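Chemist: Spelled out, the chains give:
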Amino acid sequence: DAMVIQNPRYQVTQFGKPVTLSCSQTLNHNVMYWYQQKSSQAPKLLFHYYDKDFNNEADTPDNFQSRRPNTSFCFLDIRSPGLGDAAMYLCATSTGDLRGKFFGPGTRLTVL
Amino acid sequence: SQQGEEDPQALSIQEGENATMNCSYKTSINNLQWYRQNSGRGLVHLILIRSNEREKHSGRLRVTLDTSKKSSSLLITASRAADTASYFCATDVTGANSKLTFGKGITLSVRP
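Each protein sequence line maps, in turn, to chains A and B. Using the numbering used here, the first residue of the first sequence is number 1, and each one after it goes up by one. Using the numbering used here, the first residue of the second sequence is number 113, and each one after it goes up by one.
Quick caveat, the hints were computed from the structure, so don't treat them as lab data. Keep in mind the model is a prediction, meaning the values are calculated, not measured. The beta-carbon is built from N, C-alpha and C at its ideal position, and this holds for glycine as well. Any given hint might turn out to be false.
[Unchecked claim] Now the in silico label distances, taken between C-beta atoms and shown as ranges: (1) B:E165 to A:G16: 44 to 52 Å; (2) A:P61 to B:E165: 35 to 43 Å; (3) A:N7 to B:G128: 37 to 45 Å; (4) A:P8 to B:R166: 40 to 48 Å; (5) B:A190 to A:N7: 31 to 39 Å; (6) B:G171 to A:V12: 37 to 45 Å; (7) B:E167 to A:N30: 29 to 37 Å; (8) B:T189 to A:D53: 38 to 46 Å; (9) B:S124 to A:P18: 38 to 46 Å.
[Claimed, not checked] Lysine-lysine pairs mimicking DSSO-like chemistry, simulated, CA-CA at most 27 Å apart: (10) B:K182 to B:K216; (11) B:K182 to A:K44; (12) B:K182 to B:K211; (13) B:K138 to A:K44; (14) B:K138 to A:K38; (15) B:K181 to B:K211; (16) A:K17 to A:K44; (17) B:K168 to B:K181; (18) B:K211 to A:K44; (19) A:K17 to A:K38; (20) B:K168 to B:K211; (21) A:K44 to B:K181; (22) B:K138 to B:K181; (23) B:K168 to B:K138; (24) A:K38 to B:K216; (25) B:K211 to A:K52; (26) B:K211 to A:K38; (27) B:K138 to B:K211; (28) B:K182 to B:K138; (29) B:K168 to B:K182; (30) B:K216 to A:K44; (31) B:K138 to B:K216; (32) B:K168 to B:K216; (33) B:K181 to B:K216.
If we strip away everything but chain A, and leave its shape as in the complex, we get:
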């Protein structure tokens, strides 16, 4: 089945230790997004790729970076995680038209 896959589902890291979250898709969608969702809050868009074009949200901290080496994969790098970065990180894809986004199951990040 075509889908959006996120690995790992649960990630524990230490304060300040870099961490990379992975997203892959078999949908061949040209747009990929990363959202951060803290407990009981709305998902917040961090950035998105339209093909290889990177679009950063103005209020996304510099601590967050992303890479998209090819259509199928997109990575979220957190260079120096702080306690406030503990959240669910959601990857999503779309075709860029009006059909809604397809979300992965998320990676729950814990920062110790």
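Given the coordinates of chain A, assemble chain B onto it according to the supplied hints.
Modeler: Chain B only, in chain A's frame:
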């Protein structure tokens, strides 16, 4: 500031009853989307309604949009225990599906 705000924040109903959830937003939109999120999981796209549409149906779901009041409602008829989840409205301002702004969500509990 947050674009979509759902009301109520939490809703508890008996199986078989209808559930109505409301969303208000602040600026003009191209379309509005509703998503469901089961606990600890990713979001699932339910339905999209464009700004020139007033009502849309999908199975047991009915969505209305009133652009003059900047509000939308999601009605789930004949609710089931499996409908227990959080429901989010999200607004798309540009129509390019590049950025959705989510509300904080409504927690729906359907009692068997």
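Chemist: For each hint, tell me whether it holds in the structure or not.
Modeler: Taking the hints in turn, this is what the structure says about them:
no.: 1; hint: B:E165 to A:G16: 44 to 52 Å; verdict: holds (49 Å)
no.: 2; hint: A:P61 to B:E165: 35 to 43 Å; verdict: holds (37 Å)
no.: 3; hint: A:N7 to B:G128: 37 to 45 Å; verdict: holds (39 Å)
no.: 4; hint: A:P8 to B:R166: 40 to 48 Å; verdict: holds (44 Å)
no.: 5; hint: B:A190 to A:N7: 31 to 39 Å; verdict: holds (37 Å)
no.: 6; hint: B:G171 to A:V12: 37 to 45 Å; verdict: holds (39 Å)
no.: 7; hint: B:E167 to A:N30: 29 to 37 Å; verdict: holds (31 Å)
no.: 8; hint: B:T189 to A:D53: 38 to 46 Å; verdict: holds (42 Å)
no.: 9; hint: B:S124 to A:P18: 38 to 46 Å; verdict: holds (42 Å)
no.: 10; hint: B:K182 to B:K216; verdict: holds (17 Å)
no.: 11; hint: B:K182 to A:K44; verdict: holds (21 Å)
no.: 12; hint: B:K182 to B:K211; verdict: holds (18 Å)
no.: 13; hint: B:K138 to A:K44; verdict: holds (17 Å)
no.: 14; hint: B:K138 to A:K38; verdict: holds (23 Å)
no.: 15; hint: B:K181 to B:K211; verdict: holds (22 Å)
no.: 16; hint: A:K17 to A:K44; verdict: holds (23 Å)
no.: 17; hint: B:K168 to B:K181; verdict: holds (17 Å)
no.: 18; hint: B:K211 to A:K44; verdict: holds (10 Å)
no.: 19; hint: A:K17 to A:K38; verdict: holds (20 Å)
no.: 20; hint: B:K168 to B:K211; verdict: holds (22 Å)
no.: 21; hint: A:K44 to B:K181; verdict: holds (25 Å)
no.: 22; hint: B:K138 to B:K181; verdict: holds (9 Å)
no.: 23; hint: B:K168 to B:K138; verdict: holds (21 Å)
no.: 24; hint: A:K38 to B:K216; verdict: holds (10 Å)
no.: 25; hint: B:K211 to A:K52; verdict: holds (17 Å)
no.: 26; hint: B:K211 to A:K38; verdict: holds (18 Å)
no.: 27; hint: B:K138 to B:K211; verdict: holds (15 Å)
no.: 28; hint: B:K182 to B:K138; verdict: holds (7 Å)
no.: 29; hint: B:K168 to B:K182; verdict: holds (16 Å)
no.: 30; hint: B:K216 to A:K44; verdict: holds (10 Å)
no.: 31; hint: B:K138 to B:K216; verdict: holds (15 Å)
no.: 32; hint: B:K168 to B:K216; verdict: holds (23 Å)
no.: 33; hint: B:K181 to B:K216; verdict: holds (20 Å)
When held up to the earlier numbered hints, the structure conflicts with none and fits them all.
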